[in-house]
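S.K.: So the chains spell out like this:
There are 2 protein chains.
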Amino acid sequence: MSAELPIGVFDSGVGGLTVVKEIQDLLPHESIIYLGDTARVPYGNKSPETIQEYAIQITRFLVAKKVKAVVVACNTATAYSLVRLRELFFLPILGVIEPGVGAALEANCGGTIGIIGTVGTIQSHAYQNALLQAKPELKIQALATPLLVPLVEEDWLEHPATDLILKEYLKVMIQEQVDTLVLGCTHYPLLKRRLQEIVQGRMKLVDSAENMAIALQRTLKSHQLLNPCHEMGTTQIYVTDFSPRFQALAERFLKRSIGHLERITLG
Amino acid sequence: MSAELPIGVFDSGVGGLTVVKEIQDLLPHESIIYLGDTARVPYGNKSPETIQEYAIQITRFLVAKKVKAVVVACNTATAYSLVRLRELFFLPILGVIEPGVGAALEANCGGTIGIIGTVGTIQSHAYQNALLQAKPELKIQALATPLLVPLVEEDWLEHPATDLILKEYLKVMIQEQVDTLVLGCTHYPLLKRRLQEIVQGRMKLVDSAENMAIALQRTLKSHQLLNPCHEMGTTQIYVTDFSPRFQALAERFLKRSIGHLERITLG
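Protein sequence lines, in the order shown, are assigned to chains G and R. Each step along the first sequence adds one to the number in numbering that gives the first Met the number 0, with nothing skipped, and position 197 is 196. Each step along the second sequence adds one to the number in numbering that gives the first Met the number 0, with nothing skipped, and position 109 is 108.
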């Protein structure tokens with residue numbers, strides 16, 4: 000495996016690009032191949048078997064593109080397919096849940112750990128199970144916050160309605176004396192600043208995207224796969240369906256122009 | 000075809016139950032068989048061919064249950080499959096778009112007609128095309144309002160955030176002097192009271208669910224298919240996947256207990 004190869008990243012849609020953004024910032028010399036499975040988004044309401052099949056198809060595509068590692072930047076796909084992908088493919092495969100859980104355990108000072116995410120992620124119990132496996136006596140408060148993805152996609156980050164909605168969702172977290180809040184959805188990093196203003200130091204926010212990039216750096220380093228080039232890496236984005244909103248959303252998530260999108264067919 | 004047979008109604012999920020509620024209110028002696036394709040919801044981001052195939056599978060299921068008419072209570076399925084369903088099945092098949100368009104044209108006094116709906120519905124141009132086909136000189140203002148479905152599903156109808164969001168979405172409708180606003184999504188009837196408070200008589204609201212029930216009554220009458228029984232009709236609900244939220248949402252949408260849900264497999 001050559002260290003100069005790109006990293007493969009996938010998500011059911013546009014959300015995983017917050018992970019790409021963190022990788023670009025932390026590891027600017029790495030090239031990235033991103034696949035957004037926009038034809039089949041959202042994964043949250045599909046069966047575990049179907050999601051596993053999709054994840055296998057996508058990983059096969061990324062491996063054929065000669066990536067040196069695969070990042071599953073989708074909470075649902077991580078919950079249901081990570082173990083299977085590691086059985087089938089022999090390269091480093093990272094999921095988005097472990098790094099968030101690790102960072103939450105590190106940040107936690109004995110208080111309750113809060114988790115917010117989509118209905119699918121919260122119902123999968125993936126974060127809850129991973130936290131309890133590491134520390135069975137943990138107090139956990141998990142809450143599905145389904146309004147946050149559309150708020151981010153509408154770009155209403157500065158809208159007063161967003162403040163009201165975040166405060167409503169955080170009420171229970173404050174009541175339950177949460178001291179560590181896991182942002183368990185790849186869309187949520189865009190709300191981090193607003194969240195920080197609302198919690199005002201009462202709880203630490205754990206951003207899965209940020210921790211995913213740190214975990215990737217650690218993994219690449221330990222396998223001597225960090226790219227030795229001094230040029231900036233490139234990012235190529237593939238989608239399984241064109242949607243007029245994808246490009247605009249992608250550029251907001253990455254805070255840069257994304258250039259040419261390529262559509263592919265899977266399955 | 001016997002007038003005592005039930006009416007089949009389907010939607011990609013729970014939303015079509017607002018149509019069921021209107022049918023129950025207007026035609027209390029009719030029995031209803033409802034299918035929510037919860038395993039494959041949402042339809043909005045799927046290809047027209049896929050949606051057509053789903054609609055055919057569901058109609059086949061309803062016809063096998065011996066319904067006397069089929070109501071497509073899903074905007075996306077109506078947009079992409081109504082014509083094909085009418086070619087394939089020989090019983091009255093009603094879509095949710097025509098009645099809304101008819102009512103909007105009737106209500107309109109020469110001003111702009113506004114349409115709000117999901118991203119999928121607005122992008123399908125189904126309402127816009129149907130309106131322009133009837134009246135090519137119409138001024139139309141269509142707006143995707145993706146926050147409204149999760150607001151309804153969260154049951155935040157009375158929350159101050161909902162008011163802020165509705166006011167934001169309606170800004171452009173007020174600016175463009177919309178005098179008739181089509182609620183182009185089966186979830187939106189639950190927001191009608193709030194919307195009415197905000198528009199304060201400046202525009203007429205056209206509720207597709209309500210107009211769908213009126214259109215159904217007219218169709219059944221003209222085919223002599225109105226149920227002559229004097230007993231109250233029953234409603235049987237089928238889903239393609241169980242979801243913990245479906246039952247609670249369904250009972251809110253129907254304003255009554257729904258009893259036993261049955262899961263079926265299609266395709």
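Keep in mind the hints are simulated off the structure, nothing from the lab. Errors might be hidden in some of the hints.
Pairs count within a copy or across copies, as identical chains cannot be separated in the list.
[Said to hold, decoys possible] Straight-line alpha carbon distances no greater than 30 Å define the calculated BS3-like cross-link-like pairs of lysine-lysine that follow:
#1 K191 with K166
#2 K166 with K134
#3 K64 with K191
#4 K170 with K191
#5 K64 with K45
#6 K191 with K254
#7 K220 with K166
#8 K20 with K45
#9 K166 with K254
#10 K138 with K203
#11 K166 with K64
#12 K138 with K64
S.K.: It remains to establish, for every hint, whether it holds in the given structure.
M.R.: Verification of the hints:
1. K191 with K166: So K191 and K166 pass the 30 Å test inside a copy (13 Å) and across (25 Å) alike.
2. K166 with K134: Answer is within; shortest intra-copy Cα gap is 29 Å, inter-copy 46 Å.
3. K64 with K191: neither (33 Å within a copy, 51 Å between copies)
4. K170 with K191: For K170 and K191, both the intra-copy (17 Å) and inter-copy (28 Å) Cα distances are at most 30 Å.
5. K64 with K45: both (27 Å within a copy, 26 Å between copies)
6. K191 with K254: within (15 Å within a copy, 38 Å between copies)
7. K220 with K166: Answer is neither: 40 Å inside a copy and 51 Å across each miss the 30 Å cutoff.
8. K20 with K45: both (27 Å within a copy, 28 Å between copies)
9. K166 with K254: both (26 Å within a copy, 29 Å between copies)
10. K138 with K203: within (15 Å within a copy, 51 Å between copies)
11. K166 with K64: Classified as neither: same-chain Cα gap 44 Å, cross-chain 48 Å, threshold 30 Å.
12. K138 with K64: Result: close neither inside a copy nor across copies, 43 Å intra and 49 Å inter.
In this structure, the earlier hints numbered 3, 7, 11 and 12 are contradicted, and the remaining ones agree with it.
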